[in-house]
Structure formats: structure tokens, C-alpha cells
Amino acid sequence: MDNSVYLFAAFSITWTLIFVYVFRLFRAQKALDARISAIKETLQDKIELGDS
Amino acid sequence: MLLALYTIFIYAPLEKTMGVIQKIFYIHVPSAFLAYLAFFITFVASILYLYRKDSKWDTVAHCAVETGVVFCTIVLITGPIWAKPIWNVWWTWDPRLTTTLILWFTYVAYLMLRRTVKENQRANLSAVFGIIGFINVPITFFSIRLWRTIHPVVISSRGFNMSGPMKVSLLIAFLAFCFLFFCILMSRIRLERSKMRVEELNEIIGVMNIKK
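Just so you know, the sequences run in chain order H and R. For the first sequence, the working numbering assigns the number 1 to the initial residue and increments by one for each residue that follows. For the second sequence, the working numbering assigns the number 53 to the initial residue and increments by one for each residue that follows.
Incorrect hints may have been included.
Unchecked claim - Mimicking DSS-like on lysine-lysine, the simulated pairs with C-alpha atoms at most 30 Å apart in a straight line are:
1. H:K40 <-> R:K108
2. R:K170 <-> R:K247
3. R:K68 <-> R:K136
4. H:K30 <-> R:K108
5. R:K136 <-> R:K219
6. H:K40 <-> R:K105
7. H:K40 <-> R:K170
8. R:K219 <-> R:K68
9. H:K46 <-> R:K247
10. R:K247 <-> R:K108
11. H:K40 <-> H:K30
12. R:K170 <-> R:K105
13. R:K247 <-> R:K105
14. H:K30 <-> R:K170
15. R:K108 <-> R:K170
16. H:K40 <-> R:K247
17. R:K247 <-> H:K30
18. H:K46 <-> H:K30
No lab work stands behind these hints, which were simulated from the structure alone.
Can you make the complete structure from the sequences, with help from the hints?
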């Protein structure tokens with residue numbers, strides 16, 4: 001077998017692993033940012049209700 | 053990173069005996085060093101946590117382990133892919149390979165420990181684990197000097213065992229991987245801090261609901 005196949009496999013697996021991990025981090029960060037915004041809105045509503 | 057790919061595939065010459073497969077070395081070696089660096093960060097952060105009891109050091113230690121495990125996984129995948137055409141086996145119980153596998157299991161165990169231990173004990177136990185687990189790093193690094201091994205020695209007492217263009221390519225690949233490593237580590241720390249903020253905000257809402 002040509003050794004280029006091994007080289008291709010090594011590079012593609014490495015980059016796939018890095019991309020999957022970075023994508024997971026990105027998705028988790030996005031979900032958390034959305035949760036923080038939702039919580040802030042809830043808090044804001046509660047504070048406004050308390051004032052009135 | 054594009055410059056690194058250019059130097060790896062175009063600038064760096066083909067190694068005489070291994071040929072094109074030697075180019076795996078430009079991702080294998082930087083990944084190994086960055087895994088060691090990540091575990092060293094964990095070691096320092098764990099000591100600082102135990103000394104100052106500041107949760108920010110626990111977060112740094114945890115995030116560095118996760119990033120280190122990713123880079124250690126790359127080492128354990130690219131190594132056997134290189135070994136198959138060169139040694140004619142995917143895996144052999146060579147001291148360097150075995151100690152690296154033990155290192156990987158150690159830090160996977162660290163991550164599993166964090167998930168299973170109660171929250172009030174988590175940071176302390178993880179810090180102790182992070183300090184003790186680091187013992188494996190110098191053992192892994194010096195395994196090729198301490199025991200008889202078939203693993204190639206890249207850095208010896210005489211410096212780097214490679215030609216000039218190969219050294220330049222390795223250096224550029226190393227810098228590119230360092231940049232990637234710190235970007236990933238910083239993103240991971242930011243994510244962990246966001247999680248803590250969510251927990252804090254949830255607690256505030258809980259307190260407000262009780263007061264009502």
C-alpha cells in the first residue's frame with residue numbers, strides 16, 4: 001500500500017478530531033450564552049415586577 | 053496554520069528512508085509537547101488551587117486536562133499510523149508507547165473523577181490527582197533515555213536530529229499548534245466560566261423565588 005494513504009489518514013483524523021472538539025465547544029458556548037440571556041431577562045422581569 | 057501546512061508538504065524535504073510517512077512527525081511531535089504542556093499547566097494550577105483555594109485555578113486545571121487529552125489522543129492516533137508502515141505493527145509495548153498510553157488513561161481518569169465525585173470534594177480531589185498524575189509526564193518524556201526503546205529520538209543531548217529545513221518546518225508547525233492549543237484552552241476556560249455564571253444566576257433566581 002502507498003504510504004500516502006497513512007499520511008492522509010493521520011492528517012484527516014487529526015483535523016477531524018480538532019474540528020469536532022472545537023465544534024462541541026462552540027455549540028456549548030452558544031447554548032450557555034442563550035441561557036444567560038434568558039436568565040437575565042427573567043431576572044429583569046422579576047425586578048420590574050418587584051418595583052411595581 | 054496554512055504556513056505550517058506549506059512548510060510540511062512543500063518546503064520540508066522527504067526523509068530518505070521513511071519517505072512521505074515521516075511528515076506525520078510534524079503533527080505528532082508538537083501534539084506530544086502540547087499534551088505535556090497542558091498537563092504541566094494542570095500541575096501548576098492544581099498547586100495554586102490547593103494553596104489559594106481560588107476556584108479559578110480549579111477551572112484552569114480542568115480545562116487544561118481536557119485540552120491535553122485531545123492532544124494526547126492525537127499522539128496516540130498518529131503514532132500507530134506512522135508505526136504500521138515503518139515498524140510493520142500498529143502497536144508494540146515499547147516504553148514510550150506504554151507510558152504515553154498510561155498518561156492518557158491517567159488524565160481520562162481525572163476527567164471521569166470530576167464527573168463522579170460530589171461537588172464539595174471535586175476541586176480538592178482533582179487538584180491532588182492533577183499533582184500526582186503529573187509524575188507520569190517526566191517518566192513518559194525520559195522513557196526513551198531510561199529504557200531500551202525503538203521509538204525515534206528527536207531531541208538528544210546534541211540537539212535536534214534532523215536537517216535545517218526539517219527543523220524550520222517543525223518549528224513553524226510547533227508555533228501553529230501552540231496557537232491552536234491556546235485558542236482551544238482559552239475557549240474552554242471561557243465556556244467553564246459561562247457555566248459558573250449560569251449557576252450563579254440560577255441561584256439568584258432561586259433566592260428570589262424563596263423570598264416571594
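Tested hints:
For the hint pairing H:K40 with R:K108, the CA-to-CA distance comes to about 23 Å; that is within 30 Å, so the pair holds. In summary, the hint linking R:K170 to R:K247 is supported, as the alpha carbons are separated by about 17 Å, within the 30 Å threshold. A threshold of 30 Å between alpha carbons decides the hint, and for R:K68 with R:K136 the separation of about 18 Å falls inside it, so the pair holds. Restraint check for H:K30 and R:K108: satisfied, since their Cα atoms lie roughly 21 Å apart, inside the 30 Å limit.
Taking the CA atoms of R:K136 and R:K219, the gap is near 24 Å; set against the 30 Å cutoff, the hint holds. The suggested pairing of H:K40 with R:K105 holds, with an alpha-carbon distance near 29 Å, which does not exceed 30 Å. Taken as a hint, the H:K40 and R:K170 pair is honoured in the structure, with Cα atoms around 28 Å apart against an allowance of 30 Å. For the proposed pair R:K219 and R:K68, the alpha carbon gap of about 16 Å is at most 30 Å, so the pair holds.
Simply put, H:K46 and R:K247 have alpha-carbon atoms about 22 Å apart, close enough for the 30 Å limit, and the pair holds. With a C-alpha separation of about 13 Å, the suggested pair R:K247 and R:K108 falls inside the 30 Å cut-off, and the hint holds. Distance restraint check for H:K40 and H:K30: the Cα-Cα separation of roughly 15 Å lies within the 30 Å cut-off, and the hinted pair is therefore satisfied. For the given pair, R:K170 sits about 17 Å from R:K105 by alpha-carbon distance, which is consistent with the 30 Å threshold.
Taken as a hint, the R:K247 and R:K105 pair is honoured in the structure, with Cα atoms around 19 Å apart against an allowance of 30 Å. Proposed proximity of H:K30 and R:K170 is supported: the alpha carbons are some 27 Å apart, at most 30 Å. The straight-line distance between the Cα atoms of R:K108 and R:K170 is roughly 18 Å, inside the 30 Å bound, and the hint therefore holds. Only pairs whose Cα atoms come within 30 Å are accepted, and H:K40 paired with R:K247 is accepted, the gap being roughly 14 Å.
Straight-line distance between C-alpha atoms of R:K247 and H:K30 comes to about 11 Å, which keeps the hinted pair within the 30 Å bound. The hinted pair formed by H:K46 and H:K30 meets the criterion: a straight-line CA distance of about 25 Å does not exceed 30 Å.
Hint compliance for this structure: every hint is met.
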